[in-house]
Amino acid sequence: RETMFSVLCAIVGLQIASAAVTTKAPTTCGTNPADIHFLLDSSGSVGSANFQKQKDFVARFAQSFTIGPNNVQIGVTTFSTTVHPQFFMKAHRDQAGLVSAIKAVPYQTGNTHTGEALHWVDQNAFTTAAGHRSGVTKILIVMTDGQSGNPPLTATEADKLHKDGVKVFAIGIGSGIRTAELEKIA
1 RETMFSVLCA IVGLQIASAA VTTKAPTTCG TNPADIHFLL DSSGSVGSAN
51 FQKQKDFVAR FAQSFTIGPN NVQIGVTTFS TTVHPQFFMK AHRDQAGLVS
101 AIKAVPYQTG NTHTGEALHW VDQNAFTTAA GHRSGVTKIL IVMTDGQSGN
151 PPLTATEADK LHKDGVKVFA IGIGSGIRTA ELEKIA
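Going by my numbering, the first residue of the sequence shown is number 1, and it counts up by one from there.
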């Protein structure tokens, strides 16, 4: 997990730096503005123990960035049978409040409706109302086992996000990971 965390932090840092052409490249993981949204799988196939690992990862990830309206903003949505918006990017303007909110995200089990969750993110997470800032890099980090109930819908919705300019990363969770679906999401 340490290596995955470091690699993702570095990749996101590079994405932020490449989008901020008027800003010099970062020397830490998070000094340039970015709008980052996490989509966490809370389905039964992931399980509560792996869901907790996701939350721990997101909290640690958030602690690597300068959080605020002029820096990095992070939102979180969970999904299983239904989508559960936890908080938008504009909700937490400092690191302490953000980390507390991440730790309080509940586990809500059900089926794996990844396509519906990706659709919800595309329609709601990167809007001005949610805190998205014009000209700021949009990054979605999907954490799932890649076992969606409707793989064609998942692929279609992932394609829409890519066309909308969202940089999408997919991280496999659990022991039954379907790599092909994760690759399609990313």
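Everything labelled a hint here was simulated from the structure, so no lab data went into it.
Since the structure is predicted, the reported quantities are computational estimates derived from the model, not experimental observations.
Glycine included, C-beta positions come from ideal geometry on N, C-alpha and C.
Check each hint, because a few of them may be wrong.
[What the hints assert, rightly or not] Here are the simulated EDC-like pairs of lysine to aspartate or glutamate, each with C-alpha atoms no more than 20 Å apart in a straight line:
#1 160 <-> 94
#2 184 <-> 164
#3 90 <-> 122
[What the hints assert, rightly or not] Label pairs and their in silico Cβ distance ranges:
#4 94 <-> 176: 15 to 25 Å
#5 134 <-> 91: 14 to 24 Å
#6 71 <-> 152: 14 to 24 Å
#7 151 <-> 82: 28 to 38 Å
#8 175 <-> 151: 31 to 41 Å
#9 149 <-> 70: 24 to 34 Å
Which numbered hints turn out to be false for this structure?
Checked against the structure, the hints that fail are numbers 1, 4, 6, 7, 8 and 9, while the rest are satisfied.
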